[in-house]
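In the order they appear, the protein sequences are chains A and B.
Just so you know, the working numbering puts 155 at position 155 of the first sequence, and the rest follows in order with no gaps.
In the working numbering, each residue's number is its place in the second sequence (first place is 1) plus 1000.
If you're looking for bench data, these hints aren't it; they were derived computationally from the structure.
One should not assume that every hint holds.
[To be verified] Calculated lysine-lysine pairs in the BS3-like style (CA-CA distance at most 30 angstroms, straight line):
#, chain 1, residue 1, chain 2, residue 2
1, B, K1279, A, K276
2, A, K396, B, K1348
3, B, K1348, B, K1276
4, B, K1322, A, K279
5, B, K1279, A, K155
6, B, K1133, A, K276
7, A, K202, A, K133
8, A, K12, B, K1276
9, A, K408, A, K348
10, A, K178, B, K1276
11, A, K299, B, K1276
12, A, K348, B, K1028
13, B, K1133, B, K1012
14, A, K12, B, K1279
15, A, K202, A, K167
16, A, K279, B, K1155
17, B, K1129, B, K1155
18, A, K279, A, K28
[Claimed, not checked] To give a feel for the contact side, a few chain B residues facing chain A, derived at Cβ under 8 angstroms:
#, residue
19, E1278
20, N1282
21, I1424
All values derive from a computational prediction rather than experimental measurement.
Heads up, the beta-carbon is just placed ideally off N, CA and C, and yes, glycines get one too.
2 protein chains.
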Amino acid sequence: MQIIMLSGGSGKRLWPLSNDIRSKQFLKILVDEYGNPQSMAQRVYGQICEAYPQINITVATNISQVDSIRSHMGENVNIVLEPERRDTFPAIALSCAFLAYEKNVDYNETIAVLPVDSYTEHGFFDKLKSLDKIISSDDANLALIGIKPSLATSKYGYIIPGKKISKDASEVLQFVEKPEEDIALSLIEQGALWNGGVFVFKLKYVIDILRRKLAFSDFNDLRNRYNELDRISFDYMVVEREQRVAVVPYQGTWSDIGTWRTLADEMPYNVSGYTKTEKTVNTYIVNELEIPIIALGTKDLVIAASPDGILVSDLVESSQLKPVVDNLEDTRPMFEERRWGEYTVIAKTNNSLVKQLLLYKGKAISYQTHIHRDEIWVIVSGYGEFVLDGEVKRVKEGDTLRINRGQKHSIKAISDLLITEVQIGTILSEDDIERYPDFITEEAS
Amino acid sequence: MQIIMLSGGSGKRLWPLSNDIRSKQFLKILVDEYGNPQSMAQRVYGQICEAYPQINITVATNISQVDSIRSHMGENVNIVLEPERRDTFPAIALSCAFLAYEKNVDYNETIAVLPVDSYTEHGFFDKLKSLDKIISSDDANLALIGIKPSLATSKYGYIIPGKKISKDASEVLQFVEKPEEDIALSLIEQGALWNGGVFVFKLKYVIDILRRKLAFSDFNDLRNRYNELDRISFDYMVVEREQRVAVVPYQGTWSDIGTWRTLADEMPYNVSGYTKTEKTVNTYIVNELEIPIIALGTKDLVIAASPDGILVSDLVESSQLKPVVDNLEDTRPMFEERRWGEYTVIAKTNNSLVKQLLLYKGKAISYQTHIHRDEIWVIVSGYGEFVLDGEVKRVKEGDTLRINRGQKHSIKAISDLLITEVQIGTILSEDDIERYPDFITEEAS
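Produce the entire structure from the sequences given, and follow the hints as far as they go.
If you want it as structure tokens, here you go:
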């Protein structure tokens, strides 16, 4: 069995912690068994590795998430880059082509597609063994995990199971997508399950479907012609058109943590960050800013603050957040995790942007130029190796470095390195960057 | 008649907008008749000037508020600097000595002491004419304005009026300080009034009381011996010991805007700043940060954000804010208005502080040195004249200036000038400053 994980998401439902780049799966709002902060991606990855220590994992994602995937899942996962966002069928198909053509995986091998952001217990991943068995023995073309519903919600898709095909699996009679709550209730009474977003099949099954859509020669050919694939979900394109679908029920903790309310249920502490509360009831606070939050006499509230903004929402109403965030003016992300560390935008004006950069020891930013901006760097703490147009020099706390537009530059952190960067120019965008072959070499982390 | 205004206040009850330096009277949360933002100090000053165009005004305050007083009230008011904070009797006494010894005001002239932060209508200041008449004609030694109470609160002091001494004035029978609400209610039924914090008397009246406490030769002598004056309020020291007190009732808008709830009542708009609301009820938002606030489904709430912090409070409970703010770790102010402009702290670490400075055209910061920090300035926009150890040079957008510890420096804004300042050092305090005679001359504003 091979695992494909899908990592996407626009992240507006957990604004302001999540944004287009920092999707909810990378927010360190959970804790691991030792009490350390943990993201959903780290949790899921750890759970899979524990259940299947030798398994190969391939993550389908876009370029903006690569640094985060590496930082949360390490170097052992394969990453398949979607050339653009086109929904789940193209992403899964591309990943299958990668396994078939680049990794020479046997066409009869079982592939399990998992979301990267399910909050579940270990038992959930154990179910994959049953699904693998169903697929290996050709009892079905497609096998799913069905979650025993804990409430009649219209948020999820429902699976109606039919007759048993083994001790713990049934055939699927029908799918009902996001029914009204009263219909959901009657479906649950008939034994319906939530669709957990897990798809298990033989590699050749999806490759065959893909070939019928598009004649392609190999992985690179498919990737180059990615925009010829319809924007369609795997559910619509494959699952709902398949006659031979099996479902294995799972009863236990499961949440897609898609709203602040569901996240609040799983938060290890009611408040985190620099926060004071007084006479608060059922109030959840996540403060990622350096300044304090005081909550006084509040009730049934979520308060979240990040460099992107501040949310104050009734817990139940928080499920309505996405359209409100959609209405915000388009803004650049104010915080990003990168392969080399992280940055926060601390101020911006019409013609300037001030960032605080933290480079981890041994890491370096790529050798690069900008066309539209000058940069002034002040080394706030640490030691580094700075390159400007091919000249290397050691830099330390208190040094000021000036990089004019067009000048090639890079810096490597000898120790953890904190830099205040002032950008000056009329166009200040992360896209204004040209990268060159590395001039200095990173140390292995 | 002469006016003395008292401008003090620690500003914790309207945190995070107010702080030790930026007291509530300087917050621009009201609007003037043209819809422009207006502070309480600006409003009161404007109301007095309208009622008494030729009147002399003296403001008693401390050094940290001088820049704000000048910025909100202009150059025409006298400023009496309290050498330290010692309560209202010393502050009023010092101001009276200033008028008597420095301004040679006649000992028989009427002095009206007013708070700088009363939110009232014009009729309130018209009442001063009645009080002036009572004092001039020696009908009382002390005259007060009594506010007709709008509710039985324990927040204020109450004045119990006795027999009439003129058409609109009565003698004062008794004072009751902050009674329980049920007692307040029965007092109001007997005709009690709130003490509006206005004291009117003849100059010699207070000078005589002061002389009995301390033998002093002139204003400078008194100022040098200010710490010999007891920390005592004018109410306890003077008002409650005086037999011949008159009170003139005032019926109309009056608030000391001492809590977020009372402020909310007077806010011209429910929300200000970069804010989106959805399904909110009775929710007041003031956002001074650059990042958005989203409020979703909230009710009876005040949300306020400034560089000092974020408050989310139930409206009624907001009166309990001060002790919660007292519990915050001691922090430096993150925003200050200065004579020359304003600054915001945008980031800080153990050994660094990043500020955004805005100097108004024509203004200059004083010629100064720091012992414990280096500063790196990046001119983000505008033109200026920079002095470093006596050398003057023109600077413009994009220039980087380095000021090592011990180096004398100043800068004058030729146009409005925006500077990003990175401070590096282990002690980073506003107190680490030595000032020298100005090297460059400001232009008149």
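Given pair status - A:K276, B:K1279, alpha carbons within 30 angstroms = Holds: B:K1279 and A:K276 sit about 26 angstroms apart, inside 30 angstroms.
Under 8 angstroms, Cβ to Cβ, is where B:E1278 needs to be relative to chain A, so tell me if that hint holds or is violated.
-> holds (5 angstroms)
For the pair supplied as a hint, A:K279 and A:K28, is the alpha-carbon distance within the 30 angstroms limit?
-> holds (27 angstroms)
Would you check whether B:N1282 satisfies its interface hint, that is, whether its CB is within less than 8 angstroms of any CB in chain A?
-> violated (13 angstroms)
Restraint status (C-alpha distance of A:K408 to A:K348 at most 30 angstroms) | Given that 30 angstroms is the threshold and the Cα spacing comes to 24 angstroms, the pair holds.
A:K12 and B:K1279: Cα distance at most 30 angstroms?
-> holds (18 angstroms)
Under the criterion that the straight-line Cα-Cα distance not exceed 30 angstroms, is the pair B:K1133, A:K276 satisfied?
-> At roughly 52 angstroms apart (the allowed maximum being 30 angstroms), A:K276 and B:K1133 break the hint.
Are A:K178 and B:K1276 close enough, with their CA atoms no more than 30 angstroms apart?
-> Distance ~28 angstroms between A:K178 and B:K1276 Cα, so the pair holds.
Holds or violated: A:K348 to B:K1028, with C-alpha atoms at most 30 angstroms apart = At roughly 23 angstroms apart (the allowed maximum being 30 angstroms), B:K1028 and A:K348 satisfy the hint.
Given hint B:K1276 paired with B:K1348 - CA-CA distance at most 30 angstroms = Status holds; Cα separation ~29 angstroms.
Are A:K202 and A:K133 close enough, with their CA atoms no more than 30 angstroms apart?
-> Status holds; Cα separation ~11 angstroms.
For the pair supplied as a hint, B:K1133 and B:K1012, is the alpha-carbon distance within the 30 angstroms limit?
-> violated (38 angstroms)
Hint compliance for this structure: hints 6, 13, 20 are not met, and every other hint is.
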